[in-house]
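Trainee: Using the sequences and the accompanying hints, generate a full structural model.
Protein chains: 2
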Amino acid sequence: MAVTLKEVAERAGVSRSAVSRTFTEGASVSARTRAKVEKAARELGYSPNALASSLTTGRTKLIGLVSNNFHNPIFLEVFDLFTRGLQDRGLRPLLVNLSDETDPANSIRMLRQYSVDGVIVASSTLPPSFAEAFRDAGLPVVHSFGRYTTSPYVHVVGIDNIACGRMAARALVARGHRRVAFLGGPPGATSTQDRERGFLEELARHPEIAVSVTHATAYSFDAGRAEMQRLLQSPPAEAYFCGDDVLSIGALSAIRDAGLRVPEDIGIIGLNDMAMARWQNIDLTTIRQPLAEIIGASIDLVVATIETPDRYPETRLFPCRVVERGTLRALPG
Amino acid sequence: MAVTLKEVAERAGVSRSAVSRTFTEGASVSARTRAKVEKAARELGYSPNALASSLTTGRTKLIGLVSNNFHNPIFLEVFDLFTRGLQDRGLRPLLVNLSDETDPANSIRMLRQYSVDGVIVASSTLPPSFAEAFRDAGLPVVHSFGRYTTSPYVHVVGIDNIACGRMAARALVARGHRRVAFLGGPPGATSTQDRERGFLEELARHPEIAVSVTHATAYSFDAGRAEMQRLLQSPPAEAYFCGDDVLSIGALSAIRDAGLRVPEDIGIIGLNDMAMARWQNIDLTTIRQPLAEIIGASIDLVVATIETPDRYPETRLFPCRVVERGTLRALPG
DNA sequence: ACGCATTTTGCAACCGGTTGCAAAGATGAG
DNA sequence: CTCATCTTTGCAACCGGTTGCAAAATGCGT
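Quick note, the sequences are listed as chains W and A, same order.
Sequential numbering of the first sequence, starting at 0, is according to numbering that gives the first Met the number 0.
Sequential numbering of the second sequence, starting at 0, is according to numbering that gives the first Met the number 0.
Bear in mind the hints are in silico, worked out from the structure with no lab data behind them.
Since copy identity is lost for identical chains, a pair holds within one copy or between any two.
With a straight-line Cα cutoff of 20 Å, these simulated SDA-like cross-link-like pairs (lysine to any residue) come out:
#1 Lys5 x Ser53
#2 Lys5 x Asn48
#3 Lys60 x Ala296
#4 Lys5 x Arg108
#5 Lys60 x Met109
#6 Lys5 x Gln112
#7 Lys38 x Ala104
#8 Lys5 x Ser114
#9 Lys5 x Arg20
#10 Lys38 x Gln112
#11 Lys35 x Ala17
#12 Lys5 x Thr55
#13 Lys60 x Ser114
#14 Lys60 x Ala49
#15 Lys35 x Pro47
#16 Lys60 x Gln112
#17 Lys38 x Arg108
#18 Lys5 x Leu54
#19 Lys60 x Asp299
#20 Lys5 x Arg31
#21 Lys60 x Arg88
#22 Lys60 x Pro47
Mentor: Listed below in structure tokens is the structure:
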């Protein structure tokens, strides 16, 4: 079916090596040979078999893109950016959906079978051990949206969730709120833990402000809504920092259904700034996570690690900022 | 780095063939040899190189998943279902993001270089010629969410958009609306054309009902909102069939911003029933597209075509149904 | 224990490329 | 024109597997 190197060689009247060399960057071929080969290749519609060449070169240009967040709208943006970014660098994403899977062993086996050059674990809910297992298996790996540690064992790219928690706290304090709360994502997620920690640390500096913490069972609309409905059974806080945007939107719907006004009765600040947050019917005040930068850096880092396998593990964090919209009252003054 | 067949063979004291056979389904190996090989493989942490074997077997178990809809929230669900469905059948999705690309040539070349076994084109906005180009290149291909034709040249799986247009029209007629309209997606998309056609055909049977048609520039929130804002400058229709859910949500936001009530002043019916449509703050009446069935059938069909390459091209359409929610007034009686 | 049918096994060639090496060819200096 | 040097080329081995074929081993009936 497919036309092979050998056929091109025969047609061009040269050796197979000559054909191979015209298609490999920086190999030694004369202009004359190259022209002959290119002509024959064009006539035959030849394009080299990337998998066959990977056998000898040891490179497939395949990157495993592993995620378990197939329900959070932000991940559509994430996949878009990752696939485009990888394509632009001549790499191919092999998508792995981890949905219920908690054990990395299967994914590792599969990705090794396909000899991926590297792996990007894109998830804020998987434990660090997950990416570490890939590294232990000898695969260059970057954990995007992972947790920052002072002694990283794998590359991590993302945001400083603790700083974000602080930032959220400051945003609420600056608006004069005296009873605030964190409505977090699943307690097991490192992103939740860190955002909570930063939030509480900052508020510890304001003993006059009452603060409480609860958790939704997932980063999802339903979970956010359910948790807020529960909260509304007792007198709620004046303003909530929600674990992420989709949780925020769930919470908002519960608040409005209860006949309360946003931001007058209850203020909400989210995190992510997904596309939907700026839809005018949502208009969510949130903390913007610079997705494009995070993803660009993740790709750069996985590429660098492929080239230098024992590169020192590195953490790259990007600053976030509050995006003012309509779910938090205006700053005084 | 990776452990090879040869090493396992040496350790187990058998030939390379024996090792290969223990790892290929239905090959002839004695229980004793198999045990020896499995032991050695386990000790060495061996797993066969799928790419190397693809060289001789001609199968990579790689499926190209090609799409250009990386901005429509429904596609997160689509990717989730496709990746899970493929994984469950032992296949691997190689994701191709077509975003701005309009020429299939690049994608074809790339997918052939990686010897994908088949291709799924998942898009309701790409022209039929796109999938046809894959077929012409000799790749088994299924166009998911594509247009139904009476003489199909490639496999198509999706819905009958004309029937959906009719269904939407009947839903509006049944509610007693006398001035209705279609707010379509991009005019170039076959899905838009067909939904419009069905809608108008059905309404042609009701000459007493006034009907109008306009188009948004994309299947997106912003486009839907902008188009509805434009429409509201003149007296609007009583009810709109919007090209899809995300367009509907954009339209809804424009309507509410204009101080009009839904469904009392203006009714909206969408199409897709994406997860967000049932969020209580959206509560969109819409036509449900059975995603899981469409995607399951697409995978079945691409697998069948891989096994029987000259299989007769087939169209599989799944019925849709109206999901009653809050953006269309109740049926009379 | 023997002969025959059936498994099981290893050899060697092959899949579609790449690459070290040495021979062949081109280039330039003298 | 010769010789030394540099470039281009083809050979052959290899990457990690699979598979047709014939030889070896096994099982079975008697």
